[in-house]
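Chemist: Going down the list, the protein sequences come from chains D and B. The letter at position 93 of the first sequence is residue 92 when you use numbering that gives the first Met the number 0, and the numbering goes up by one with no holes. The letter at position 334 of the second sequence is residue 333 when you use numbering that gives the first Met the number 0, and the numbering goes up by one with no holes.
Treat the hints as calculated values from the structure; they're not laboratory data. Just to be clear, a hint being listed does not mean it is correct.
[Unchecked claim] Derived lysine-lysine pairs resembling PhoX-like cross-links, with alpha carbons at most 25 Å apart:
#1 K461/B <-> K367/B
#2 K252/B <-> K284/B
#3 K207/D <-> K163/D
#4 K96/B <-> K60/B
#5 K100/D <-> K60/B
#6 K367/B <-> K252/B
#7 K290/B <-> K88/D
#8 K252/B <-> K100/D
#9 K203/D <-> K163/D
#10 K17/D <-> K96/B
#11 K284/B <-> K100/D
Spelled out, the chains give:
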Amino acid sequence: MHVLVVEDDRETAQFLQKALKESGHAADLAEDGETGQELAEQGVYDVLIVDRMLPRLDGLSMIRELRNRGVRTPVLILSALGEVDDRVKGLRAGGDDYLTKPYAYSELLARVEALARRAVPEEQETRYVVDGLVLDRLSHRVTRDGEAIQLQPREYRLLEYLMKHAGQVVTRTMLLEHVWDYHFDPQTNVIDVHVSRLRAKIDKNFDKPLLHTVRGAGYTIRDGSA
Amino acid sequence: MVLPERLVRAVSTTSFRVAAITVALYLAFAGLIVGVLLWQTNRVLTSQVLATLDGEAQQLKAEAQSGGAPALVRAVDTRSRSGGPGLYYLGEASGTKLAGNLSRLPPEIVGRPTGGVFRYAPDFGSSAREHLAVAIPVNVGPELQLIVGRDVNEQRRFASEMGTLYFLALGFLTIGGLVAGFAISRVALRRIESINVAARSIMDGNMSRRIAVTGSGDEYDALATNLNAMLERIDALMSGLREVSDNIAHDLKTPLTRLRNAAEAALRETGEEAYRDGLEHTIEKADELIKTFNSLLLVARLEAGALEGNAERFDVGRAVRDVAELYEPVAEERGMQLSVNVDAGPQLTGNRQLIVQAVVNLIENAIKYSVKSGAVDASSIAIDLQNRADGIAIVVADNGPGIAAEDRERVLKRFVRLEKSRTEPGTGLGLSLVQAVARLHGGTVRLEDNAPGLRVVLTLPKRGDDR
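Please build the complete structure, drawing on both the sequences and the hints.
Modeler: Structure, rendered in structure tokens:
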């Protein structure tokens with residue numbers, strides 16, 4: 000995956016570049032909005048990571064400009080402003096996801112990978128399959144090894160999101176945002192409880208676990224052991 | 000002339016100026032009226048005199064026509080000696096006086112058929128002062144000159160004395176008005192000065208000082224009461240701020256110290272496993288700090304009235320049910336029963352994310368503190384929604400340890416955590432946020448006794464946007 004980081008703080012930018020490289024991705028850096036826009040317009044990137052406060056051209060204006068010029072590359076906005084209205088403004092400007100500073104790198108990585116996956120056209124997919132687990136998006140039926148699994152509506156949406164990002168790490172915050180549409184920090188392990196309920200339904204009576212906990216990051220559904 | 004400072008100050012007050020202007024206007028009008036009155040009085044009196052003189056002239060004319068010059072001389076002579084107020088002069092055209100009590104022909108009257116005013120020296124008494132008189136010429140033939148007049152000195156003196164009296168009265172009025180204005184302004188000034196003194200004292204740092212209220216219920220009292228209320232509010236805000244900064248110092252320093260300790264401890268260890276543990280511990284502490292910091296910023300922004308623009312109309316019943324559904328398994332896992340008695344339907348205008356977060360805070364509190372009560376097997380949390388006329392009440396009730404009545408106001412404040420919960424994880428901002436969200440929407444938060452346990456009632460007006 001090829002990522003462009005548009006961030007004026009050199010230390011943060013280099014930290015991201017190094018960390019992304021360690022995660023197996025290539026990252027280029029731009030220190031201001033104008034340079035960022037020029038690089039992004041070449042269209043070689045899978046994801047853009049854009050800070051809101053940038054010299055020369057601020058992040059939101061840069062994104063707006065790119066969208067006007069037809070650049071559809073997914074954008075993750077980084078910002079010190081984290082309130083609901085800031086998030087709305089960011090997404091309205093053409094951003095695809097919004098992350099508040101300071102953030103955990105694992106959170107950023109999970110979101111960047113999810114965005115890159117989204118760039119691949121997958122809206123037509125009607126079935127998600129991971130090993131023997133099948134989720135049919137048309138009939139809303141879930142089976143494992145041909146055996147029907149009964150899920151509550153919310154559990155279904157939780158599984159759907161996890162399977163859409165099969166093989167990738169999905170954080171608790173991402174689940175709270177996309178499955179429940181909530182943007183807050185829970186003080187309790189509310190997501191864990193829901194995931195473990197789901198796990199009990201899809202993994203309990205089978206030899207091979209598919210839903211894995213990734214320590215310090217979140218969850219992932221994949222074929223194969225942790 | 001150097002005016003005493005106090006006088007200058009009294010004179011430069013608004014109330015004194017108003018008094019002075021009023022007095023000046025009053026004086027101008029009164030002077031005008033008195034002037035017109037005097038002038039009119041004189042005119043009436045003079046025209047009366049002229050009428051009398053006219054009558055007398057007709058009589059003397061008749062005398063002259065019937066008896067000729069000798070009869071006229073006799074008649075004038077008789078009238079001159081009668082001792083009345085009449086003045087007469089009869090002479091030949093050549094200038095020889097024939098009769099009359101005027102020593103000479105008043106030149107002001109000669110040739111003025113309508114008559115006029117002149118001065119003459121009366122021959123009675125020794126007074127050398129000239130008297131004022133009104134006279135008309137009477138046509139009694141070309142070779143005689145006759146003047147008939149009347150002394151109007153008394154009349155004029157009466158008029159001028161009246162005038163003096165009037166102007167004296169006006170003078171007293173002026174002085175009285177100014178003195179009253181001065182006195183009123185002194186009173187006003189004293190009240191204003193007491194406010195100024197209090198204000199200066201407060202500026203000098205004496206924050207508990209208040210402006211005296213006399214109890215008379217006048218405008219100054221209203222002003223003083225309002226200013227005092229304003230000072231009260233400022234004081235409350237300032238002490239709130241002071242409390243918050245103290246608490247920030249404590250609640251941010253404590254995790255910072257722990258973070259530092261964790262890092263130091265990790266440094267002292269050897270071996271990769273120990274380092275990893277130490278670093279993970281450090282990140283955990285940093286996350287705690289970030290959480291507290293974010294909550295603090297959010298509460299501050301809400302209290303400053305930010306985020307107002309994000310109101311939307313939404314089904315609050317549904318929103319509360321969804322949140323309850325999210326937390327139901329959490330409660331169950333901890334051996335609690337979460338019962339939800341909420342129907343979808345009631346609409347509310349407000350910031351959905353914030354209201355949801357407020358409800359989440361209430362539910363999380365209920366779960367967190369009910370567990371600690373020890374009565375785990377009996378723990379239950381009830382979420383209720385009442386659609387009332389005055390708004391929508393979201394009620395979260397638990398049967399945990401509850402909060403003592405005297406602490407209920409206090410726990411809504413930022414960073415206030417009761418002794419027994421100090422050791423619990425948490426920012427101490429949960430209820431502050433609920434309160435801030437309620438205030439932003441024009442609603443209220445009430446903490447009540449659930450006997451046993453705590454019941455929190457979050458009331459939000461249905462049109463949360465007309466703040």
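Chemist: Which numbered conditions among the earlier hints are violated in the structure presented, ordered from lowest to highest?
Modeler: Hints 1, 5, 10 are the ones this structure does not satisfy, whereas the remaining hints hold.
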